[in-house]
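Turn these sequences into a full structure, and let the hints steer you where they fit.
Just so it is clear: in the sequence shown, position 330 is 330 by my numbering, and no numbers are missing.
Treat the hints with caution; some may be incorrect.
Using C-beta positions, here's what the derived DEER-type ranges look like [what the hints assert, rightly or not]:
{"#": "1", "residue 1": "V57", "residue 2": "I95", "range": "29 to 37 angstroms"}
{"#": "2", "residue 1": "A391", "residue 2": "P71", "range": "44 to 52 angstroms"}
{"#": "3", "residue 1": "V38", "residue 2": "G239", "range": "28 to 36 angstroms"}
{"#": "4", "residue 1": "L376", "residue 2": "A259", "range": "35 to 43 angstroms"}
It is worth saying that the hints were derived from the structure and are not from the lab.
Glycine included, every Cβ here is placed at the ideal spot set by N, Cα and C.
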Amino acid sequence: MPNLEFAYQTAACAVSTFALTIAELHSVLNLPLLGMQVIIAAWIFALGTCFGSFLNVVIYRLPAGLSLGRPKSRCPRCETPLAARDNIPIFGWLILRGRCRYCGLPIAARYPIVETICGIVFLVLLFGELLRGGANLPLRDPDHFHVNSGFWLVWFMKWDLAGLYLYHCFLTITVLAVCMIGFDRHLPVSRLRQFAVFVGLLCGTMWPELRPVPAWPFPQSLEQMHWGFVWTDPLISPGAKYWTGVTLTGLLDGIAGLAVGAFIGWLVVWQLHGQSESETRTSVLAIRDGFVLAGVFLGWQAVGMLAVIAMPLLFVTASVDNSLTGDRLMRRAAPCFFGLLLAFIVSWQFLHDAKWMIGIVGWSFSPWNWRVDWLLTFGTLAIIAAIGRLAIGPAKTSEAA
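Now the structure itself:
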């Protein structure tokens, strides 16, 4: 009996300790809120993988001139239409163990990898932007709801911040598609680029707040030039009134971003002229299109800051790559540009505040006007491109090519 009493006391002590631990975790971690955020994160990840599944179709079919809707998804080897259960993102490939159910031939692992990357993109922007109340964006006060992010995301959604989240998700996964097409040694698809530019210009014109940094300080007379109408929300917030239309400043922001993005993209191609004539030409052109889209969606200052980081890295990569043979580093530069863009969006505010990085109003340690700082910056980038054009030279062709 003493042993039984001792065992009972030990078990009671363990249960009490476990209960106290749960209570402490509840007070520290707020378990209901944490559970809600886990459910939201899982749903957002699943949504991202669904977009990744469609992105695989875009990457494969657009360069081949095929329709995105027909025929339905099929095995790339035997061309047998896939069942619905085989089309589940990631899990479909895992259940089939990477082989076609019908012909038994292997299916490339890149399909679930792209789906996973898109899911991760949605999660990174969820935690790096949406749940932080937009604290990653310059010249924008973070929404105070980010203190209890799991709560307000469900019941008190800030629609301007949700719009920014979707806007940046669209940009990043589109740039991923552009970069993967270049990685596959296909020329850029003009239809995809034109569609993305149209979406960026249209959304930025209708909602200028999607670009937190204006192209330049607009006079009030220009800011008041807008055309649209007011409508009443009958469903989500009954009685709430919203304005929908187009703004002149939003259009000018987009045009300025498009012009600077095209200029930086041209500099990249001009700098890497040797690679643009080699097997990595498609990767260089993909990076060019990535700069164009970044300019349209984020504004000219953002694409200028991105160029300050990317162009020296491209110069070093091309210089190393020029002395190698085989599968080239520059071919992988396009997917890396996608990763750089995603990291830039999440850390945009930090880069704006950093003394070592040019910000919205120029260099923080410079006594000059911001316009002079930016002109000198673009001039320096042009010099870097000219040096690269002279130093890199034509790329060596590999035996594998």
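Between the beta carbons of A391 and P71, is the distance compatible with 44 to 52 angstroms?
For A391 and P71 the Cβ distance comes to about 49 angstroms; the hint holds.
Range hint 28 to 36 angstroms (beta carbons of V38 and G239) holds or violated:
holds (34 angstroms)
Outcome of range test on Cβ distance (V57, I95; 29 to 37 angstroms)
Between V57 and I95, where Cβ atoms are some 20 angstroms apart, the hint is violated.
Is 35 to 43 angstroms respected by the C-beta to C-beta distance linking L376 and A259?
At roughly 19 angstroms between Cβ atoms, A259 and L376 fall outside 35 to 43 angstroms, so the hint is violated.
Comparing the model with each earlier hint shows violations of hints 1 and 4; every other hint is respected.
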